[in-house]
Amino acid sequence: MAIAERPAIGGIGESVLRKEDARFIRGRGHYVDDIVLPNMLHMAILRSPHAHARIRSIDTAAAAAVPGVIAVVTGELMAQHNLAWMPTLSGDTQAVLATDKVRFQGQEVACVVAESKYIAEDAVGLIDVDYEPLQAVTTPQQALDAGAPVIRDDKGATDNHIYHWEAGDGPATEAAFARAAKVVSLSTHYPRCHPAPLETCGCVADVDSVTGKATIHMTSQAPHAHRTLFALVAGLPEQNIRIISPDIGGGFGNKVPIYPGYVVATAASLLLGRPVKWVEDRTENLISTGFARDYHMKGELALDADNRFIGLRVGLLSDNGAFFSDAQPSKFKAGLFHIVTGSYDIPAAHVVGDGAYTNKAPGGVAYRCSFRVTEASFLIERLVDTAAHELGVDAAELRMRNFIQPEAFPYRSATGFEYDSGDYPRAMQVALEALGYDELRREQAEKRTRGELMGIGVASFTEVVGAGKGRDYDIVGLRMFDSAELRVHPTGKAVLKLGVKSQGQGHETTFAQIVAEELGIPAADVAVEEGDTDNTPYGLGTYASRSTPVGGAATAMIARKLRDKGRQIAAHLFEADVADIEFERGRYWVKGSPGEVKTIQDVAFAAYSNIPEGMEAGLEGVHYYDPPNMTFPFGTYLVVVDVDRGTGVVKVRRVVAVDDCGVRINPMIVEGQIHGGLTEGFGIAFMELITFDAEGNCIGSTFMDYLLPTAWETPRFETFTTVTPSPHHPLGAKGVGESATVGSPAAYVNAVVDALAPYGVRNIDMPVTSDKVWAAMRGAGVTE
Amino acid sequence: MFPAAFDYTAPTSLDEVLRILGERGEEAKVLAGGQSLIPLLKLRFASPALVVDIARVDGLEGIGRDDGTLRIGARTRHADVEAARDLHGSLDVLLDAAPQISDPLIRNQGTVGGSLCHADPAGDWGAVMLALGAELEARSAQGTRRIPVDGFFDGPFTTTLRPDELVTSVIIPMPASRSGGTYLKLERKVGDFATVGVAVHVELDGSGRIGRAGVGLCAVGASSIRATGAEQALAGQEPDDALIAEAARLAAAQAEPLADQRGGVDYKRDVVRVFAQRGLRTAVERARRGAA
Amino acid sequence: MKVNLSLNGAQRSAEAEPRTLLVDFIRTTLGLTGTHIGCDTSSCGACTVLLDGRPVKSCTLLAAQADGHNVTTVEGLADGAILHPVQEAFHTEHGLQCGFCTPGMMLVGAALLERNPAPSEEEIRWAISGNICRCTGYMNIVKAIRRAAGLGVEVHSEPVSTPTAGVA
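Residue numbers (the working numbering), protein chains in the order written: chain V, 1 to 784; chain E, 785 to 1076; chain D, 1077 to 1244.
Don't read these hints as lab results, they were simulated from the structure.
It cannot be assumed that every hint is accurate.
BS3-like, lysine-lysine: derived pairs with alpha carbons at most 30 angstroms apart [stated by the list, open to error]:
#1 V/772 <-> V/298
#2 V/651 <-> E/813
#3 V/182 <-> V/298
#4 E/813 <-> V/447
#5 E/813 <-> D/1078
#6 V/155 <-> V/19
#7 V/469 <-> V/331
#8 V/591 <-> V/565
#9 V/447 <-> V/651
#10 V/565 <-> V/19
#11 V/331 <-> V/298
#12 V/772 <-> E/973
Partial list, derived from the structure: chain E residues whose beta carbon lies under 7 angstroms from chain D [as the list claims (entries may be wrong)]:
#13 785
#14 792
#15 888
#16 889
Quick reminder that beta carbons are idealized off the backbone N, C-alpha and C, glycines included.
Required output: the full structure, derived from the provided sequences and hints.
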């Protein structure tokens, strides 16, 4: 069939407009807080004002007496049902409602269930808790000091150390450092930040007192995993639990953990026989739900006399908060941090990491981090720029010199990853040209003679997504395969059901495009369903950019299976041999007779009406995909900044982003993901911060303190693409949702440091706020 | 996240408002646009027994010229000040400040009077009205009085307004000669309170010397600060770079910033200096260009 | 107390407490859930509605303050089945991802175009600077509002597609 005749079916590579838009632009999105059920009650949570305190007593009498209050739930009540504590996704335990102590400011202490949310909040204010404040541990260094207060005395811990973890080869790395011509080091704290999706977390728990069926509408990025966990935590039979994740107003990893509010709301619904809604407010979201990062890192890079990287040594100290509750593959205590050699051919590397409890909210793995890849990528890209400045060489040139070369793929890294494909020099080249790099360096040189502060930041990241191969990747034992169930109806339309769950990534459109590509059914005719555990196959959900690598692969595989069954049906319809049946884009024909065609729609109808003898009727199936490897998207980002000598204000003048995520299903949607990630990276680099005072009071628990960039501060982005397919993925596609949040913070920070480099400034920790820039300038004698 | 319960009344006449404030002013809060009050109510930082909504009272809105002054009704929204450029176009500092108040949505509802009476130390209008030498007209059942803005602020979120009084308008003297001004605000992002705000208003006399200078600072003290040291150094002088630099240093010296997430004391003081310097240069330039 | 207002052109009347926030009145009492709540400190704009045509934060208004006024929510943008140009444009320019900020953004865009039919990119960014988006990075929102005005944007990206290694 000539290309010109191809119908536009919305296949791979087309920027198909999104089907899901129809409801959102009309204000008909269906988010958890929109759900209203008959007889529904509302729950509000009392939270601890102290970071660390013993609970002497809780007096709920006044709260219970408020008209409209149905129940007041404390840890003591939950403990009677064995629900005061719950397992976490990292094999620890977490308090649902505090019993003995509170361990972070904002921790859940008691809940009020009432007829309205206003009444519930009024009553929460009347609960009287007698606390005995204890010394708060507010840094991981303090936590690991001898004599530090023990936070997890609930499990008999005698110190605050959680884990020790290593990757790479210690002796080989030591040897490399021993023979190095130059060693560059950088100590930096990737500060605590927060995914802060615009919709907060919440649920409507509806336990039917007659059937015992629990239907929990909840903000969940992983409904199946959550259902299994609910079964384990609450002791409810798993077939009686239905998790429905409706429209989600942004996830970014914030909606992966199970929060105490979900558990108490479910218990309350069970006990009261009525639906219970709990939707947290923004303060609760920022002060208690899964934060991100908070990694103290020291990196050392060893170079030879030709400025080649020969070794990388990294020490990590992770601030995990009061409970180790991260969602991450169980075998990796520091997630996928060991991707830290990045885009560079570094023969020896060694990573040593420890995690510590502190009196802060639990979490760490979140906010588009690809399981700690944000931290790793930031460290290596900052380290490379530090090396460039110390050596007096160009930051782009130093990278080019050390890139893993295109011929080297698949490439085995010093920490054990097998990179599937990449062409780093090309992405860099495209970026440099798009920016006009040489001309800008000339401008910079000229500006420097007049004391004007202009910086260019480079970051060439390689990240790793698509968890993952079941043998290596599991969360609480659940292997990280994913699934796709496809049924083609008699009239040739289809429904695709997935184990992943979009929170804005456009799955209803992009996954339909995969079916369109493989089976030839127009994307408009493929309905995509996700999020309801009663109606979708088991999957591990959407986070860590895994939907396309794993769920997308499963979709391609099941579509191909159905295509092959269709081939047999077509053979039957043509009365020909299966081996002689050709297929392209929804059309079957007998080799040599392309004019006579059976469409996929014809074949679909036949599957129900004219099935060959001995063949099962129907055209459907499910595929569980176990990825053979991770995928490795990459790119180069360039940022240009101008710094105000008087105030330290940084203005981002340009951002050029070159991304390579292999084959792109929908270029428009990929570009949207990049824009979003570059903006989150911008926020992280310049303004987002959760911090604590010495008493453990959280600073950054409202949007007045936790700052998110508006359209006014956010720069414009110039985005470009190279395509280096993944050799092992059925579609050649890699994940992409987190690439820009992974790669961009270093680019932004590198730009600012570059602006101040002539004055000897080598580092400013994020967020790079104007007062920090001012301090660095004044410290170097720069003033207006 | 929701207010505690309160009584609510929306009188339709000023007399009625003043009568209520006369009787229950101590336990009442006046609601104009609500963009300062309602956030406080939601966080339960304020729990008044009574909220007096003055939205239905005529005569409290609008901008007009009146005998050498510019009158801004207390209930005039920030966005309306922004839009009324033809009326106050010669007051650059007003022009520059109005669009920088908070964010566009807040500006569509919040009011100048409400903001001034809220007396947030970081409130932009405080600095601006100090620089302009403005007065407030306050009414009560007892009568009317004029309160100079310089002396109105009495600490964080505190003013010298009595509980039975309502501010009805802001009165700004129109410059008698060539004038120029500007408002410079350092904020971490749109919608954040100022890290530092500097309002400058300069009037030049016939010979090109500074006849009157007004310099107001916000976010660097318990209340907005009138940088009198800088003003006195500028008055009657030829505005050259050296004078401006000196005035800027004096303004910085008079600031009393506190260290917080936005920056340390030295940082904020230095930004006052930098902004006062830049602001004075701009103000003088504009005054020189302008007509009498 | 009774609150009477015109909601999307229709007279509505319902009971409310004095303390009831307008956003809760709209969502819970009047049952229109297209207006969203995203924060506690009037910082995010997810709750944006038009009050007498002006974009305001409905979480920072008492329902009582809307008594006697006209309120437009996202549900009132379309004219029956006919979408507002802003709604069309958000769709064609991929101006939304999770959809949570979208009602507020579209209302601000529509109100902007009423008073400024040909806004520059800078004017648009300024107009929406009270509305937070976490997903889109604002680029396509700006494009969408420009498109609704019948205008384009400077192109900042060119896909570079070069066939390299084959697919498995």
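Okay, the hints, checked on the actual structure:
no., hint, result
1, V/772 <-> V/298, "holds (20 angstroms)"
2, V/651 <-> E/813, "violated (41 angstroms)"
3, V/182 <-> V/298, "holds (17 angstroms)"
4, E/813 <-> V/447, "violated (55 angstroms)"
5, E/813 <-> D/1078, "holds (21 angstroms)"
6, V/155 <-> V/19, "violated (49 angstroms)"
7, V/469 <-> V/331, "holds (12 angstroms)"
8, V/591 <-> V/565, "holds (18 angstroms)"
9, V/447 <-> V/651, "holds (16 angstroms)"
10, V/565 <-> V/19, "holds (28 angstroms)"
11, V/331 <-> V/298, "holds (23 angstroms)"
12, V/772 <-> E/973, "holds (16 angstroms)"
13, 785, "holds (5 angstroms)"
14, 792, "holds (3 angstroms)"
15, 888, "holds (5 angstroms)"
16, 889, "holds (4 angstroms)"
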